[in-house]
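Peer 1: Here's the letter readout for the chains.
Number of protein chains: 2
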Amino acid sequence: TMLKKVLLGSLGAALVLTAGILLGHFGIQRGSTHLSHDRSLVPMCLSRELTKVPHMATSPGDEQTVQYMLKRWQDPDTGLDQAWREEYKVYLSFPDPNTPNKVTVGESWEKAYSSDQEDPEVVQPYAAYAPAGHPKGRLVYANQGKPSDYFLLNQTLNLTGTVAITRYGGEGRAGKAINAAPYGVIGVLVYTDPWDINDGKMSDNNETYPYSWYMPPSGVERGSFNTHYGDMLTPYLAAKDDTYRIPEKNITGIPPIPTQPIGFEDAYALICDVKLDIYNREELKNSANVMGVIRGSVEPDRYVIYGNHRDSWVHGAIDPSSGTSVMLEVTRVLGRMVKQGKWRPRRSIIFGSWGAEEFGLIGSTEYTEEYYSKLSERSVAYINVDIACLIAFLQVKTPGSDSSSVYDNWIRYFNRTSPAYGVIPNVGFLTGAGSDYAAFIHFLGITSMDISYTYDRTKTRARIYPAYHTAYDTFDYASKFIDPGFTSHQTVARTAGNVLMRLADSLLLPFNCSDYAETLEGYLSKAMELYTDGLAAHMISIEPLQTAVRNFRSAAARLDQLIRDSDLANETPLKVRRINDQLMLLDRAFLDPVAFPDRYGYRHVIWASSKAGQATFPGLADAYTRAASTGLDNDWKEAHRQLSILIQAIQGAAHTLGDTI
Amino acid sequence: TMLKKVLLGSLGAALVLTAGILLGHFGIQRGSTHLSHDRSLVPMCLSRELTKVPHMATSPGDEQTVQYMLKRWQDPDTGLDQAWREEYKVYLSFPDPNTPNKVTVGESWEKAYSSDQEDPEVVQPYAAYAPAGHPKGRLVYANQGKPSDYFLLNQTLNLTGTVAITRYGGEGRAGKAINAAPYGVIGVLVYTDPWDINDGKMSDNNETYPYSWYMPPSGVERGSFNTHYGDMLTPYLAAKDDTYRIPEKNITGIPPIPTQPIGFEDAYALICDVKLDIYNREELKNSANVMGVIRGSVEPDRYVIYGNHRDSWVHGAIDPSSGTSVMLEVTRVLGRMVKQGKWRPRRSIIFGSWGAEEFGLIGSTEYTEEYYSKLSERSVAYINVDIACLIAFLQVKTPGSDSSSVYDNWIRYFNRTSPAYGVIPNVGFLTGAGSDYAAFIHFLGITSMDISYTYDRTKTRARIYPAYHTAYDTFDYASKFIDPGFTSHQTVARTAGNVLMRLADSLLLPFNCSDYAETLEGYLSKAMELYTDGLAAHMISIEPLQTAVRNFRSAAARLDQLIRDSDLANETPLKVRRINDQLMLLDRAFLDPVAFPDRYGYRHVIWASSKAGQATFPGLADAYTRAASTGLDNDWKEAHRQLSILIQAIQGAAHTLGDTI
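Residue numbers (full-length UniProt numbering), protein chains in the order written: chain A, 1 to 661; chain B, 1 to 661.
Isolated chain A (complex conformation):
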């Protein structure tokens, strides 16, 4: 998982999915588990198989995994209808294998960061796309590296020529350096603070792994330090051999100064002057997706897509192999039913094992670029299962252990009160680019869902499971501390498989557009509360936005009524197709390719990420916040433009839900 700050808000969800749209028809239901007749789930051995060797993108381990997946998906008894590999040539970032990156403090302290202290045979990136360089300067603590952190620090200190040390969280990885550079900061260190990840535990004698799920002092959290997703040299184009590549100097959204992640053990050792010797360099390398399909019986031209990435930092037992295990298990169960002639879904199912996700969701993004038209026209939904389980010993009871259902657990530990339904399981929003759903929802406007089983947040303040992106994310760690017995893996496999089957097989798509209306109404009321007066002071009326949301609600109610009044199974197949098309294309109606022209791949005006930190329309929130802060006429114009874009998109969505002519 290329986890970014934007995902943090949704980690509390047991099932995290975009929009309330999916919620009504199955999210909330106490559905049967279609996969329950197949209890022979074998994620344990799969996970062991998948995590034996490191499988960073383009490593020999990655290629082994490709072969392993192809073998499984081409298995004559349990494979899919078809499976193949697709190759892209993408821009990745690696350390120099001969000259390790180094952090030096005076004469006395020095540490190399290329072979991993926890796993010495592995040479691999720590901060992908962080530039090479040799900054040396006084160390300053810059909190989370947010713009406000540097702004405040600069009130009392001259930051020019300093090296900033920041902790993970609160700001995207690259942002910590991008925000620093304007103040003259020449290098950035990033560490994982035990208060953010370990509930304060930091002793390697008895508090951290292998004694618990907490990260040991030497653990280093890696990551990709780019802010756009997809191959950076081929924006909007699939990265084939002959594809045009932009000049490297035109790349935006990467750190302008050398940056290096370190463990908290080292962070606490650093004082005074620090020197960084960073030798990272970029290379064009091949990376593969593995694709598999089950052909639909009735509507082969409608796709439900299910995916996860394959590459990891070091071993990646949880991220991503927990998700890969689940995917392989789902394909094995469904594949066997298909091969035995017992079942074939109404719609087609496409499985994708994405390459190079950790470098910026590259495999999935290139796939959406290459098949843009076809996927836009035909995809019903995308399901992502990446970190299937991040539960640990603090986990809520899993269904397997006491036979309470996912529904019961979900509504107990993560709920909200809906105006329409009362207390229901809560669902987060996919407003960021945390994993491979990003290109599907933000670029293509395909309704998407990210599923994982998570921990009880009242029991830990951990930002994410502590071994995340470190060399400690191993089979041993996962089997001891994350999911002993792998029962939660089973639960996720059954849940995801269930969702997949309902999407692929139900006559009427299990989407509820009135739930979407509820979300828009929530966003609207927040926008009115925050922005009405400020906009009015600049002669901009928020009223047309109210009208648009009201129209959306009416159109949704009309469609719901039409569905209730219909006997779809016994009417012409074109009627249910028509209604399904309205539901399928609803998220597409929110796309506007010129809404955010400087943000590659963000076209969805409801779910785009936002810096404003408000539960409301992202484009309007960001533009308003900026205008209110600068007071510039041009910024108020942009706020008005964002408002008009939003109104037109919501009206357009209402039109697609409304009477078809």
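Source of the hints: derived by calculation from the structure; they are not laboratory data. Be aware that a few hints might be false.
Treat identical chains as interchangeable: a pair holds within one or across any two.
[Stated by the list, open to error] As a list, the in silico EDC-like pairs of lysine to aspartate or glutamate whose alpha-carbon atoms are at most 20 Å apart:
hint	residue 1	residue 2
1	Lys-89	Glu-283
2	Lys-575	Asp-505
3	Lys-637	Glu-248
4	Lys-240	Glu-543
5	Lys-89	Glu-282
6	Lys-637	Asp-533
7	Lys-102	Asp-273
Computed from a predicted structure; not experimentally measured.
Given chain A, work out where chain B should sit, using these hints.
Peer 2: Using the frame of chain A, we list chain B on its own:
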């Protein structure tokens, strides 16, 4: 018609339509005329009714026409299922009613251009969006005002401070001033040269109207002098009351210096120093579309759209009222069948009477912006009939007069040799923004067609019918010289109605994707001939483009084979829907919203207009031409980028035609 240079290339076509895609199934066939059972066509009285008063956009005459059309379309016996008006507030350009624009030569000669010399009660724009100003300078003749014209002129003359006089043709209207300004030219006059429009005739005693179809010496050809289409203050947004409007200073693509069209009588009178007094000014005004629908019986969520604009310069008997007459006649005939319960099309039909076309295709563009999602998802085709007849006494025989068919005339006077079919009727390409099809094909990627009956080009060199955009385009002119007896109007009504009914009613859409492949192959072979070596010299291979076109051809052949092997009427309705969706969405697959970021509304990478003047892929042609001329590395990069965009689009189109999973 907002006719521009780009349309010139297609005037030779009897039926002008985008892509060969429509050709195969009905374009070439000697089809029956479905409308032939209704011979009571009444375009004559319609035309008289429509042209009694001037109906420039926002004029009282325009409002009268709106009311007239609503009355017709809401008629209980011959109206449509539903009809209504839709209002936009758009940025238009008008002269000052109190202070006429003036051209002055020394002391002796002066002419006012606000009330029309031919039609004194009409005060209206000559050059919409040409700025106000009072330039005075030496007059220089600058041919057609092309970049090369000014470049050559500047070799021998200092153009600074001069007023250029140019003739219509060879360059877009605004271009004549945009190209001039960098040389210091301070004003531009544009006239219609008798050699270009009148076959050299210029006497008002016996050679020109009212003695013939030729334009009298006083005739002035008006036009809109903007290069982008749609409301200029609200790009990509429907121009509602509250919509954000860009600052006027940010408008691009309009003349930077005062510009005035004049008649050739005046052009020949001008010598030496000339002074222009231009008082044009811009205003926000309401403009309406009139919409009407016939609901489809089987697939109401599939639309065939038929449209024409309603506004004209002065009376506009031909442009647009010949087309409006035809549309009213088609709606009357179809409406009556529907009201009598005798017929209802399989798919829905939407009729649009667009406002403010002459100012830059504004009504149709705002419509596509407002209903973007719904129209993208559901539109099968757009048919435009604007200038229905521009035939005059030079016309080819019309079917009415000697009962030869449209097909016979078409193949006789305008044919080509196809590799697949031999000699067939020729079809032009809609590569420009000549009329309201522009937003449909270039912005939305909806397969479009523009139909008009034209003259025998071996008999006249006229750029277009001579009264075009002058006050002489009247009912009298049309009934005497363009279409005596209005038989060609009938022919066009039957042809357009026939096409419309086939699109709306046939089980399988009458699209032939193999004809599209033939066009792509033609473009490819031209591109290879012109660009292979030059690209190779910059390490850019054209081979992947060959592969993409080959893949498209295979996919098209596969789909054709599937259609031939199917018994669609007796298989599941979802099968023909699936195939129809592939055909319908084929043109959509060629859209790329980031291909031409500085050209509003151009997203179709095959049919976008091009300056290179080659029958090949426009983006590649323009980028290559530029790179070859400047030799700059960045320009070669752009050529490579355009090539990659093109390859990806063609591959994407091949994917949509290919096996659906």
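Peer 1: Please list, smallest to largest, the hint numbers that this structure does not respect.
Peer 2: none
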